[in-house]
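Now for the letters of each chain:
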Amino acid sequence: MVENRPWLNVLTHLVLVVGVIIIAFPVYLAVIASTHGPGAFLSNVVPLLPGPYLLDNYGQMLSQGMSTSGAPPLTLMLANSLVMAIIIAVAKIAISIISAYAIVYFRFPLRTLAFWIIFITLMLPVEVRIIPTFKVVSDLGLLNSYAGLTIPLIASATATFLFRQFFLTVPDELMEAARVDGAGPMKFFRDILLPLSRTNMAALFVILFIYGWMQYLWPLLVTTDPKFYTVVMGIKRMAAVADADPQWNLVMAAVVLAMLPPVLIVIFMQRLFVKGLVETEK
Amino acid sequence: MQTKRTIFPNMWLPYGLLAPQLAITLVFFIWPALQAVKSSFEREDPFGFKTTFIWFANYSKLLADPMYLNALWRTLIFAVLVTVIAMGVSLVLAVAVNRLLRSGRVYTTLLVWPYAVAPVVAGILWWFMFNPSIGILSYVLGQMGVTWNHRVNADQAMILIVLAASWKQISYNFLFFVAGLQSVPASLSEAAAIDGAGPFKRFWTIVVPLLSPTTFFLLIVNINYAMFDTFGVVDATTSGGPAQSTNILVYKVYADGFLGLNIGSSAAQSVLLMLIVIVLTVVQFRFVERRVQY
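The listed protein sequences derive, respectively, from chains Z and S. According to my numbering, the residues represented by the first sequence are 1 to 282, in order. According to my numbering, the residues represented by the second sequence are 1001 to 1294, in order.
Next comes chain Z alone, as it looks inside the complex (with noise of 0.2 Å):
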C-alpha cells in the first residue's frame, strides 16, 4: 500500500484471525465431535477436546456403516460418490467441448437453435423441474442405476460456452495452416485444440467434479437401493433418525469424510480451482 499505517495492519490481521475462525470452527467441531465415544453426547454440551475414538469411530463408519440407519458402509457411499462425480465431470466435459468445436468451427443450418438449445439448460436447474425429469429418468427404468445418477445433470451450458470463448480466442491461421497440410476437421480437433485446451479442461474438471460430489437432491430421488447410495445424501439418513439421538460422534465422523476428498481437492488445486471458477461463471 502507499502508506504505512500499524494499527491498520493490525485490524486486517484481526480481521481475517476472526473470518477464518468463523469459517473453520464448524468444521473443528466436527472433528473433535468424530473423536469421542457415544457417551459424551449425553451430557449437556459438545466436548472442545478430542476424545481417544477417532481410530474407532472412523473405522465402524467405513467398514460397517450405521445399523441404524440401514446405510451402506462408507466405503461403498464414498466409491459412489468418486464414481458418480467423475462421470459427470469427464462426461460434461467430452459432451460440451464437441458441441463447442462444432457451434465455433461449422456452419450450417439450425446453428443458432441449437446454441439456444443448448443455453436453456442454464435456466432449468433440476431443483424446479424435479417431478417430471424423476418421471423420464423412472420411465426410462433408470432409477438405481450409475446412468440415472448421471447422465440427467451432464448437459452443460457453462462448459460450452467457455470452450466457445476458448475456441474463439484460438488464431484462425492455425485452422488455416492444418486444412493447407491436408488435415480433416477430426484430425484438427485432436491433435491441435485438444492439447490447446489442455489447462481450461484440467481447471474445468476441478469444478464440476466438486459439483457431482456435492449432489443432494438428485440422489436422494433416483436411489432408494442402499447400493447406490451416495455419501452426501446418505449423510442425511444417518442424521436424522427417528424418535432417537443421532449418533453424533459416527454422523460427525461421516460428515468429515464426506468433505474430505473436495475440500482436498479445492486446496490443492487452488489455482485450477480458481481459474475454472472465474471463467465458467464469467
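It is possible that some hints are incorrect.
Lysine-lysine pairs mimicking DSS-like chemistry, simulated, CA-CA at most 25 Å apart [what the hints assert, rightly or not]:
id, chain 1, residue 1, chain 2, residue 2
1, S, 1004, Z, 187
2, Z, 135, S, 1038
3, S, 1050, Z, 135
4, S, 1061, S, 1050
5, Z, 135, Z, 227
6, S, 1038, S, 1061
7, S, 1038, S, 1050
Which stretches of chain S does chain Z cover? Using the computed rule of at least three CB atoms under 8 Å from a CB of chain Z, they are [said to hold, decoys possible]:
id, segment
8, 1011-1020
9, 1097-1106
10, 1173-1180
11, 1225-1234
12, 1257-1268
13, 1272-1279
Calculated Cβ distances over 10 Å to all of chain Z for the following chain S residues [as the list claims (entries may be wrong)]:
id, residue
14, 1045
15, 1133
16, 1210
Since the hints were made in silico from the structure, they are not lab data. Each residue gets a CB set at the ideal place from its N, CA and C atoms; glycine is no exception.
With chain Z fixed as given, assemble chain S onto it according to the hints.
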C-alpha cells in the same frame, strides 16, 4: 453469433458432434420442462386415472393460497438475508486480504475451502452447533439468557438456515471480490493518497465504484444460490418447519409434489420458479456479455 473467418465445409459432422449434448438436453431438460408446463394446466384425480384441462386454475389457486404466499415471503426474507450477510462478510475479508501482500495467500487458502462443502453438510454442521440439547452455540446462548430451540421458534429456525447458507457461500463471494479488488489499478489509489485521501475515503470513492460490476454479478448469483441451491440446507436442518416458517419455494415444490403428491400445484410452482430463473439468468447474461466487450 461470432464465427471463424474460415470454417470446415462438412454437412453431417457438426450434427454428430452436437448430438449427445442435444439428446440429453431434449430428453432431460426440455421435455420435462414442457411436461411441467402441461401438467400445471391440468388436474389429476387422486388415483391418476383421469386428467382434466383446467386452464389457469392451479395458478389462481396457488396465488390465492396463504401457504404459498407465506412461502414466497419467507423465500424473499431468506434470499435477502443470505445475500447481504454472505456478500458483506466476504467483502470485508477480501478487502483485508487485498491489503496484505505476502500473507494474503495463506489466508485465501484458509478461507476458500467451504466452497467444496455440500449445502446439506453445511446444514448438518450448523444444526449440530445449534442443537437445543447438546449444541455449543445454544449452550452459549443459554448462558446469556436466550433459550434456543429452532424446532419450535420460527425466527430461530430462519436464523439457523440463513447462517448455514451464508457460511457456505462466503468463500465463493470472497474469491470474486478478491479478483475484482486486484483489478483496481494501484495508480488510482496512489494518486488519491498523494492528494491526501485516507484509506477509508479512498475505499468509498475509488474501490467501491470500480467494484460495482463484480458486486452486481455476485448479487444475481447469490439470489440464485439462496433460492435454488439451498434445498439441502433446509432439508438437513428444519425441513420447512416449524409451522412452515422455513418452507422456501424450492423446498415447497419438492414437499408438495413428492411428499404431498399434489402434481398440478407442484407443476405450477415449478413453472413459476422457472420464470424466476429465466429472469435472473437473462439479467446475468446481459450483464456478462456487456462486460466481456470491454
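Results for each hint:
1. For the given pair, residue 1004/S sits about 18 Å from residue 187/Z by alpha-carbon distance, which is consistent with the 25 Å threshold.
2. Proposed proximity of residue 135/Z and residue 1038/S is supported: the alpha carbons are some 14 Å apart, at most 25 Å.
3. For the hint pairing residue 1050/S with residue 135/Z, the CA-to-CA distance comes to about 17 Å; that is within 25 Å, so the pair holds.
4. Annotation: proposed proximity of residue 1061/S to residue 1050/S holds, straight-line Cα distance about 20 Å (limit 25 Å).
5. Between the alpha carbons of residue 135/Z and residue 227/Z the distance comes to roughly 21 Å, so the proposed pair stays at or under 25 Å and holds.
6. Only pairs whose Cα atoms come within 25 Å are accepted, and residue 1038/S paired with residue 1061/S is accepted, the gap being roughly 17 Å.
7. For the given pair, residue 1038/S sits about 14 Å from residue 1050/S by alpha-carbon distance, which is consistent with the 25 Å threshold.
8. Three residues within the 8 Å Cβ limit are the bar, and the segment 1011-1020 of chain S against chain Z gives 7, so the coverage statement holds.
9. Coverage of the segment 1097-1106 of chain S by chain Z holds. Counting CB-CB distances below 8 Å, 4 residues qualify, and the rule asks for three or more.
10. Chain Z is given as covering the segment 1173-1180 of chain S, and this holds because 3 residues of the stretch bring a CB closer than 8 Å to a CB of that chain, at least three being needed.
11. A count of 4 residues in the segment 1225-1234 of chain S with a Cβ less than 8 Å from any Cβ of chain Z is obtained; the coverage claim is therefore met, three being the minimum.
12. Given a C-beta distance limit of less than 8 Å, the hint that chain Z covers the segment 1257-1268 of chain S holds, as 5 residues qualify and 3 suffice.
13. Counting residues of the segment 1272-1279 of chain S whose CB lies closer than 8 Å to any CB of chain Z gives 4, so the stated coverage by that chain holds, three being the minimum.
14. For residue 1045/S, the condition that its CB be more than 10 Å from all CB atoms of chain Z holds, with the nearest at approximately 17 Å.
15. Interface exclusion of residue 1133/S from chain Z breaks down, the closest Cβ pair being 8 Å apart, not more than 10 Å.
16. For residue 1210/S, the condition that its CB be more than 10 Å from all CB atoms of chain Z holds, with the nearest at approximately 16 Å.
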